[in-house]
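Using the sequences provided together with the hints, build the complete structure.
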Amino acid sequence: MTTALVIENDPAQGLGRAATWLVEAGMELDTIRPHLGEAVPNTAGGHEALIALGGGRGKDWSDDLTGLMETAVADTTPTLAICSSSRMLAAAFGGRVEDHEEGPFGPRMLAKRDAAGRDLIFGPAPMTLDVIRWRRQELVELPEEATLLAASPQGALEVFRIRDTAWGVQSHFEFTPEQLAGFGDFDEAALAKAAEVDRHIVAAWRPILQRFARVAAGERKALPVIDAGH
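Just so you know, the sequence shown maps onto residues 207 to 436 in our numbering.
The hints are simulated quantities; they were obtained by calculation from the structure and are not laboratory data. Errors might be hidden in some of the hints.
Quick list of the computed label-pair ranges, beta carbon to beta carbon [stated by the list, open to error]: (1) A398 to D281: 42 to 48 Å; (2) T382 to A297: 15 to 21 Å; (3) A317 to T237: 30 to 36 Å; (4) R239 to G361: 31 to 37 Å; (5) G232 to D370: 20 to 26 Å; (6) T209 to H306: 21 to 27 Å.
All C-beta atoms in this analysis are idealised placements derived from N, C-alpha and C, irrespective of residue type, glycine included.
Structure representation (structure tokens):
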């Protein structure tokens, strides 16, 4: 069984439905909850992957989480960083992040960059990816070691890879429309649009997460352009 160390920074921002997608792919999840006082380890040792979730901005353990991700990159442990964790990952390697408190929040469509065609987990993904934008900081400059994989039409640096095995995703795909409604940051129009595109989010991101699980299980060669069974 392939295991992933999951860092949950906020009880409202868990893995959501992405947990089911990963379990379907044969991955076991070992969740650390620093918001409950659990210590963030120095390494992901004993796990084949690391997943760092959102909600970690400015928390007491932010430095520990950054150090954990840096170590995972150095150890070539497959790493997936979402939302604030993606920006912490980028900043740790020289990226630049700025505060951006204003919305609007809601669905966005991203376009893959050419470099994504050679990426282990994003290569077979659709050329356009639906996501939910929900953040109050913005990654405005990638580190030199990063490869941009997808961006918004406005130029937001949405999906990137550090070196070969660490991926950052600024926006969200793991929350259902019902969960989004519970956060209180989305207006009615955004929630209606989120419900409309949700099936596209699931169709694109479920295979991406499952390819991540396959990479963690040791599949480091180029993956097929079309997933078997899809």
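Against the structure, the hints:
About 44 Å separates the C-beta atoms of A398 and D281, a value consistent with the hinted range of 42 to 48 Å. A C-beta distance of roughly 29 Å is found between T382 and A297, which places it outside the suggested range of 15 to 21 Å. Under the hint 30 to 36 Å, the C-beta atoms of A317 and T237, about 33 Å apart, fit the expected range. Checked against the given bound of 31 to 37 Å, the beta carbons of R239 and G361, roughly 35 Å apart, stay inside it.
Under the hint 20 to 26 Å, the C-beta atoms of G232 and D370, about 22 Å apart, fit the expected range. Between T209 and H306 the CB atoms are about 35 Å apart, so this pair departs from the stated range of 21 to 27 Å.
Checked against the numbered hints given earlier, this structure breaks hints 2, 6; the rest are met.
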